[in-house]
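Number of protein chains: 2
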Amino acid sequence: MQTVSENKCFGGIQGVYSHASKACSCDMTFGLFLPEEAQHMQVPVLWYLSGLTCTHENAMTKAGAQAWAADHGIALVFPDTSPRGEGVANDDAYDLGQGAGFYVNATQDPWAPHFRMWDYIAEELPALIGEHFAVDMDRQAITGHSMGGHGALTLAMSLPSRFASVSAFAPIAHPTSSDWGRKQLGAYLGSDESTWAAHDSTLLMREKGFDGPVLIDQGGDDQFLDLLQPEALSQAMAAKRQDGAFRMQKGYDHSYFFVSSFMEDHVAFHANALFGAV
Amino acid sequence: MQTVSENKCFGGIQGVYSHASKACSCDMTFGLFLPEEAQHMQVPVLWYLSGLTCTHENAMTKAGAQAWAADHGIALVFPDTSPRGEGVANDDAYDLGQGAGFYVNATQDPWAPHFRMWDYIAEELPALIGEHFAVDMDRQAITGHSMGGHGALTLAMSLPSRFASVSAFAPIAHPTSSDWGRKQLGAYLGSDESTWAAHDSTLLMREKGFDGPVLIDQGGDDQFLDLLQPEALSQAMAAKRQDGAFRMQKGYDHSYFFVSSFMEDHVAFHANALFGAV
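Chains as they are written, first to last, in the numbering used here: chain R, 26 to 303; chain X, 26 to 303.
Among these hints, one or two may not hold up.
Claimed, not checked - Below, in silico cross-link-like pairs of lysine-lysine (DSSO-like), each with a Cα-Cα straight-line distance of 30 Å or less: (1) Lys208(X) with Lys233(X); (2) Lys87(R) with Lys275(X); (3) Lys87(R) with Lys233(R); (4) Lys275(R) with Lys275(X); (5) Lys233(R) with Lys265(R); (6) Lys208(R) with Lys47(R); (7) Lys275(X) with Lys265(X); (8) Lys87(R) with Lys87(X); (9) Lys208(X) with Lys265(X).
FYI, nobody ran anything at the bench for these hints, they're computed from the structure.
Since the structure is predicted, the reported quantities are computational estimates derived from the model, not experimental observations.
Model the full assembly from the supplied sequences, consistent with the hints where possible.
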């Protein structure tokens, strides 16, 4: 593992690190914010999964999460959204290939050799971070934006007891019935749609739900509402009697101006789950 | 004036607007955050001047200022750092020409026709904003980072009673004796160094000081300490008995991770000056 950069930030350290990934068979880069408390104790961790076209850097510089993570003494992980580099397959479209890994293990060519973001986020990166940093991997929570909200919700529901809490900003909520999903799941997983269901938050919510609290924020003026299909997830949460809240935020769009506006709430929500009620 | 974008943000609106600038003889773009209160009343305003290579966008997306401005009910202006576009002079160096206006009115060719950032920030843009938005131009404060800290301090000291308060993050504090300054002041203003003094915060502080409170934050591990010369300004502030504080922040560098870490303090400092002691 190599240190790309480390900047002091809100009393802690915002680092960027790269490493040779076995899951993705290429070098991967991630951001990690460690609060001041990590200098002398293990701290809990909140994962932030990013959306289409993003790298590890977008949320790290624009979401304003470090302020609140520092307040609560929580680490933040900002993974990349796909494998990258020469020899890694790509597509001219912004929503397929590099920058658009969709948090699945691809089984189809040309994606299968590198596009294994599920294993990378679920297994390889937590092990790496647990080994090298003062992070308590028994206290994890997860959030994300758009495609990353999809990733956060599907990982959280598929890995019971891994995450104390899950939240999402404008998640791709029902990809098996949306153009943000059908295209990518078809390309990465093939035409057998039965393999797609494990990567659809609405279907997972209907089937099993999440064993902790859920917080969803969705902008009411989001320019991608038709692709995100928040109403499907909201309905599924209510029908499942899922512990949590689905909030429609009037006037907000899909941008990081929306994400940053509600970041304080999300970090506080996860802190409550990670530290237990005070 | 044209609306480039408007995004809801912390209950207010983060807008980006462009207009034909008379001062700079080209189209100019600026960001303006209006808190929710601006929907029904005039709000005070905090100017944020950016550093070398920045546009209106850097601080708007990375400084995290909107959260605190929304808390206090203050507008934020994010001007560009120079004229831009075809027909506007430029230089291959990152620290001269476009992105490096240094907040002066150039008198020398090839810069004189467009590089009039002093007039743009001091006269044209405040008039435009006062005309089009619910901003109370009798309650202004100013801050900035690096070259923008230089701009904030020189404008504040040169325009008595304009600004209730001035602050800066890692300002270029003594440009007449630094390679961040001598090169640019020479290019824009010519070789007669007597014309440079009006654009040196340390010299202005020694001569006249500021008629309100001053707050300076400087990272102790800033990679540009030799170019910024914070010790010159600190000495001048103390010798002048200037109302204010110069703070050396151990371990912080020159990045927006530093700026965002102390933004809450700066906005609160300006709010106190703009609204009066509670």
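Cross-check of the supplied hints:
A threshold of 30 Å between alpha carbons decides the hint, and for Lys208(X) with Lys233(X) the separation of about 25 Å falls inside it, so the pair holds. A distance of roughly 24 Å separates the Cα atoms of Lys87(R) and Lys275(X); the hinted pair therefore holds under the 30 Å criterion. Taking the CA atoms of Lys87(R) and Lys233(R), the gap is about 33 Å. The hint is violated against a cut of 30 Å. For the hint pairing Lys275(R) with Lys275(X), the CA-to-CA distance comes to about 41 Å; that exceeds 30 Å, so the pair is violated.
Taken as a hint, the Lys233(R) and Lys265(R) pair is honoured in the structure, with Cα atoms around 8 Å apart against an allowance of 30 Å. Simply put, Lys208(R) and Lys47(R) have alpha-carbon atoms about 26 Å apart, close enough for the 30 Å limit, and the pair holds. Straight-line distance between C-alpha atoms of Lys275(X) and Lys265(X) comes to about 25 Å, which keeps the hinted pair within the 30 Å bound. Restraint check for Lys87(R) and Lys87(X): satisfied, since their Cα atoms lie roughly 5 Å apart, inside the 30 Å limit.
Taking the CA atoms of Lys208(X) and Lys265(X), the gap is about 28 Å. The hint holds against a cut of 30 Å.
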